[in-house]
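Participant: Given next are the chains, with one letter for each unit.
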Amino acid sequence: MDKQTLGKKLFRWESALVLLLVFEVLVFGAINPKFLMPRVLLGSINNFMSICIVSLFVTFVLITGGIDIQAGSIVGLTSIVIGVLWNDGGLNIYTACLVGLLVGATCGLLSGFFVAYTGVQAMVVTLGGSFLYSGLALAVTKFSSTESYKGISGFPESFTAIAKGKIFSIIPNQLVIFIALVLFAYVLLHMTKYGRKVFLCGVNKNAAEYSGINSRLVIMSTYVLSGIGASIAGILLTAYLGTAKTDLGKEITLPVITAVVLGGTSNLGGTGGVIGTALAALLIGLLRFGLSMADVNTQYLDIPVGVLLVLAVAARFTGSNDKIRSFFRRFRVLFSK
Amino acid sequence: MKENKPDAMLSIHGITKSFGNNAVLKGIDLDIGVGDVLALIGGNGAGKSTLMKIIMGIHQPDDGTIQISGKTVRLSKPAVALAHGVYLVPQEPMLFPHMSVEENVLMGFSGNRNELHKRLVELIKHLDWKIDVYRKAESLSIAEQQLVELLRGLMRSAKILILDEPTSSLTFNEVQSLFAIIDDLKKKGISIIYITHRLTEVFEIANRVAIMRDGIITLNGSSSEFTREMLVKGLLPDNTKEAETIKESCYIDRSTAEPTLVVENLCGNGFADISLKVYPGEILGLAGVVGAGRTEFVTTIFGRDSVRSGHVYLNKNEITGKSTSQVMEQGLSYVAEDRFLNGIYKISNVAVNTSASNLKNMGRFLLNFREERKLADRFIDAFRTKVTGREQVMGSLSGGNQQKVVIARSLATNPKLLILDEPTRGIDAAARGDVYAIIERLKAQGLAILLISSDMEEIVELSDRAMTMYCGRINKEFQKGEISQDSLMSAAFGIVERSEINE
Amino acid sequence: MNKKFQLPRAATAILFIVALFLGIGAINPAFLSVQNIMLCLNSSVVYTVVALGIAFVIITGEIDVSVGATLGMAAAGGGTYIRDGNTGTGVLAALVIGLVIGLVNGFGVTILRIPSIIMTLGINGIVRGLIYVYTDGKWVENIPFEFKALSQAKAFGNLTWFYLAALVVMLLAYLVMTSTHRGRYFIAVGDNAGGATLLGIPVVGTKLTGFILCSVFAAVGGILYVSRVGFITPIAGNGYEMKVIAACVLGGISLTGGVGSVVGAAAGAILMASISRVLVFLGLPSEYDNTITGILLIVIVVVDALVQARSTEKVRKERLAAKTNSVLETAGEAR
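Residue numbers (the working numbering), protein chains in the order written: chain A, 4 to 340; chain B, 8 to 510; chain C, 1100 to 1434.
One should not assume that every hint holds.
[As the list claims (entries may be wrong)] Dumping the calculated SDA-like pairs for lysine to any residue here, alpha-carbon to alpha-carbon at most 25 Å:
no. : chain 1 : residue 1 : chain 2 : residue 2
1   : B       : K132      : B       : L185
2   : C       : K1237     : A       : G92
3   : A       : K253      : C       : M1341
4   : A       : K253      : C       : I1394
5   : B       : K166      : C       : G1299
6   : C       : K1416     : B       : E99
7   : B       : K60       : C       : K1416
8   : B       : K423      : B       : E398
9   : B       : K84       : C       : R1415
10  : A       : K153      : C       : R1108
11  : A       : K196      : B       : G370
12  : B       : K353      : C       : I1394
13  : A       : K196      : B       : K143
14  : B       : K381      : B       : Q337
15  : B       : K367      : A       : R219
16  : B       : K143      : C       : L1211
17  : B       : K84       : C       : K1413
18  : A       : K208      : B       : E398
19  : A       : K208      : B       : S330
20  : A       : K208      : C       : Q1407
21  : C       : K1413     : A       : S295
22  : B       : K143      : C       : R1415
23  : A       : K196      : B       : N421
24  : C       : K1237     : A       : F171
Treat the hints as calculated values from the structure; they're not laboratory data.
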């Protein structure tokens, strides 16, 4: 498979991620052998599935040079919309899910439109979006008989089984879904003409325009994808927990951005990949899970993630920084004398 | 014949500088005396801007020394260079867009604001430049921004002033007044390093000349010692092969042939009343000074800006006001003027760059990588592009090879009309020859070509017919045989015979 | 050459707030009571202080999403000393925390060249976790009454000393940034860092100072928080970073840097803090708080971008038109 932009560098980075992942599994396995049991290891993905899915599609946004910090709010909005439509609207649960996807797409469309067509900074629009969509989620609960803090439960078995079920009693459905989504996102980004356009818009938007690419449409579409991704995460999380709540995606924004950047996508745009994001998401998710299995207080879990992020990015950036390179060169010269 | 110079203001000895494995400066020796105007000439990649950045303290040399007024100095950062009286007026203006002209010029000055304001206003009056100090920098044209940059240098009473291509965006009058100031500064004992591509300016303004090529100084001396030919010789590598130009006389019977491009009274932003025709198998040169409106004209045709009135036809199909992708589909391709800004995908490889305009033909949904590889290879062979392969990253190619890839991209869609906007700007002489050969070959294959260039020599060399644009309008037409550098230059500067003006 | 009167962006923000208040007042006159207005101002003091700090960073063209965590850490750290009676040590501890975090952020961004969004994101995670480590997950309570009373102490009318002090600091910051030679570096660095380097302006030093000021201000905000709220949970300050970034943007500061002033940040902070009160006075349920904030932010930012784009386009067209028109003057000059 042809790897285009900075192909070799990215491949090295992704290989490093794979190694880190293996290392991580081994370390946690050593601390608590239960960790290595297939049932446990594979089942862990249920705990961080939404981060994995959302980050896959936020990758598209970052490659165009933008950023999306509203995904978490869309997760919650989708969840409550499904809940209210099913519970108070009497809609079939699967129809409600479709509406949920539409909601996510619309949220993405709105923000994407402003970013692409009015030239507002993505950070600000999606910041506003994060407020707006979480606020709308709360507003939606007004249409429900249930109080907003309680959440809506009692979903049909068939629905929750999608997220909770296992294939061969070991492989969680969600893992399969995740792999399917990774494949889909990979093909879309790295093998289609659309994906190539996404990259080109990120590398040089002006040149893309001069190449006849409708860069505004392409950029807007990445936000739509991101919104749909958040909706999918919202649907699965609702199914897994069996409850629809407005704040389901509250704290995932920062881990998502961490996963995308750690996965090799630069926030300046033009480089990145789906595989890297998927690996990084798994890395972060397993890190948190493994630490909690090692009896580390759940609240401390963000520390290693933060450290990992800073170290990883520092290594990448300082590696290409001339001044630091020459500093080390002088060091080496000193030692070789 | 070396004259006895007074103590040199600036002395550079043995400066070397490499970026990674790329050796940019390979041992530079240069002396500039008090009140000297040294014209520094050199092609792209010769190392001029790196050397200037070292003098300005932005980069540190790997080896060598710098003396100012006899004292060895270590210019570790720009603030130090400034303190020693060095000031670099950059080629691309680096102003603060949201600040006013005054704030821009006075930034970095500590002192009484009112006094500084008075000094600035007086200076502008003395120069007779029309600049409103309260205007926001982002609203200024490039030429005006360049003037503001010059003001910064002048206000700082620099002892060593470096001007990097200061006239590239100036009008004739502005250039003359700049020269007057340079004379003035010369008399005051300020040393000036004047970087330029324009050989005529060298003899007009400089008393010393130095030529840089491939990281070394190849020629150095008083400007009276050299002729234009000697300078050109000094710029080319020692064994340049004369590019094979197919000098076939191109006869097109315009009474029967159908023009590929027909423009009728086109008006838009930056140009008005443009009418012209381009026939297949011919090159129409469009000359003019920077800012004449040529790029605005062609980019409007290309769908980048709105049309106010008029019509454009490509092979009888109307393409007025159509979008870029529609225009391209009809068979018109455009090679952008600013390669770096609008042309290259710097961090992508050659294959990606080549296929970027032609994605439509690279498969339906899935990208046909084999087609892409074939396309890239085809053009690498045809153009003899110097690359390690189609996987090489665009940013690591030389300017000339980058331009070849960009041209290849425009040709990948099999256009009927190709518009080239300053195709050889910033590329070295050898690559320039290659590009000329490519253009001639395309013409022979029957492509209609509209060539925009500010290099009159280039227009003369390549064009079958030529036109000049001045202040947004066509002011003169030339048939083959009438095209000469002098007549082009005059017309480009707006000087036409009264009788030739179409009312 | 007349000095064209251009409304500074902060002025537009202030005008907007005044218009908003008047608008709400038209619907419910009780909103315009002095008491209410004072309440709005007083309750915005923590946001104001943190927003002032982050304004330094944003104006230089960077971002800091760790201010909420810094506030929480400073509040928790300082709070434990204050709870035990060592007010002085507590305040000092908080300031030191701010200083250290600011230095780390600044170092990572300017020396290691890590993009600021990422650096501060990582630090945010780390500090959040450290708060739990330090407090063991427990609340910091029993803050001495005298300390809590400080936040209620009125200077004149109903305006608290805290808010008055914040205003004074804002004014000082504004004067420094617009009138002093070195204060102008901030906006220069944000507007064009490359150009600033050429003029000898210390870009690294300026950005580093920005990060330090930002975190120190956030720490001060933490102390104010201790006094106002009276107890510190491990999630204190959560989400503040988004609120103060929104405050700055609403106040006319551009996220790309080089535009805006601290006055705008303070104005935006008032706006952000007042939204929930606005809802009450409009008779809307509090659930709409976020919705209103979101709509407000998007509308303001989009309108601003459109206005900017329009004026840039107008200027461009004028410039190009001037060129084509000048030919009519020089036509006919035969030599």
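Participant: For every hint, state whether the structure bears it out.
Facilitator: Consistency of the hints with the structure:
Between B/K132 and B/L185 the CA atoms are separated by roughly 13 Å; this keeps the pair inside 25 Å, and the hint holds. A distance of roughly 42 Å separates the Cα atoms of C/K1237 and A/G92; the hinted pair therefore is violated under the 25 Å criterion. At most 25 Å may separate the alpha-carbon atoms for a hinted pair to count; A/K253 and C/M1341 meet this at roughly 13 Å. Between A/K253 and C/I1394, the direct Cα distance comes to roughly 19 Å. Compliance with the 25 Å bound is thereby established for this hinted pair.
The hinted pair formed by B/K166 and C/G1299 meets the criterion: a straight-line CA distance of about 16 Å does not exceed 25 Å. The hinted pair formed by C/K1416 and B/E99 meets the criterion: a straight-line CA distance of about 22 Å does not exceed 25 Å. Simply put, B/K60 and C/K1416 have alpha-carbon atoms about 35 Å apart, too far for the 25 Å limit, and the pair is violated. For the hint pairing B/K423 with B/E398, the CA-to-CA distance comes to about 29 Å; that exceeds 25 Å, so the pair is violated.
Taken as a hint, the B/K84 and C/R1415 pair is broken in the structure, with Cα atoms around 36 Å apart against an allowance of 25 Å. Between A/K153 and C/R1108, the direct Cα distance comes to roughly 44 Å. Violation of the 25 Å bound is thereby established for this hinted pair. Between A/K196 and B/G370, the direct Cα distance comes to roughly 8 Å. Compliance with the 25 Å bound is thereby established for this hinted pair. This hinted pair does not check out: B/K353 and C/I1394 have alpha carbons roughly 38 Å apart, beyond 25 Å.
Proximity of A/K196 to B/K143 is assessed by CA-CA distance (about 42 Å); at most 25 Å being required, the pair is judged violated. Our distance criterion of 25 Å between C-alpha atoms is met by B/K381 and B/Q337, whose separation comes to about 24 Å. A hinted pair counts as satisfied when its Cα atoms are at most 25 Å apart, and B/K367 with A/R219 qualifies at roughly 18 Å. For the proposed pair B/K143 and C/L1211, the alpha carbon gap of about 34 Å is over 25 Å, so the pair is violated.
Pair hint B/K84 plus C/K1413 does not hold up; C-alpha atoms about 39 Å apart against a cutoff of 25 Å. Of the pairs offered as hints, the one joining A/K208 and B/E398 holds, with about 21 Å between alpha carbons and a cut-off of 25 Å not exceeded. Between A/K208 and B/S330 the CA atoms are separated by roughly 16 Å; this keeps the pair inside 25 Å, and the hint holds. For the hint linking A/K208 to C/Q1407, the alpha-carbon distance of about 20 Å falls within 25 Å, and the restraint holds.
Taking the CA atoms of C/K1413 and A/S295, the gap is about 59 Å. The hint is violated against a cut of 25 Å. Restraint check: the Cα-Cα separation between B/K143 and C/R1415 comes to about 13 Å, which is no more than 25 Å; the hinted pair holds. Between A/K196 and B/N421, the direct Cα distance comes to roughly 20 Å. Compliance with the 25 Å bound is thereby established for this hinted pair. For a cut-off of 25 Å, the pair hint linking C/K1237 to A/F171 is broken: about 43 Å separates their Cα positions.
Hints 2, 7, 8, 9, 10, 12, 13, 16, 17, 21 and 24 from the earlier list are contradicted by this structure; the remaining hints agree with it.
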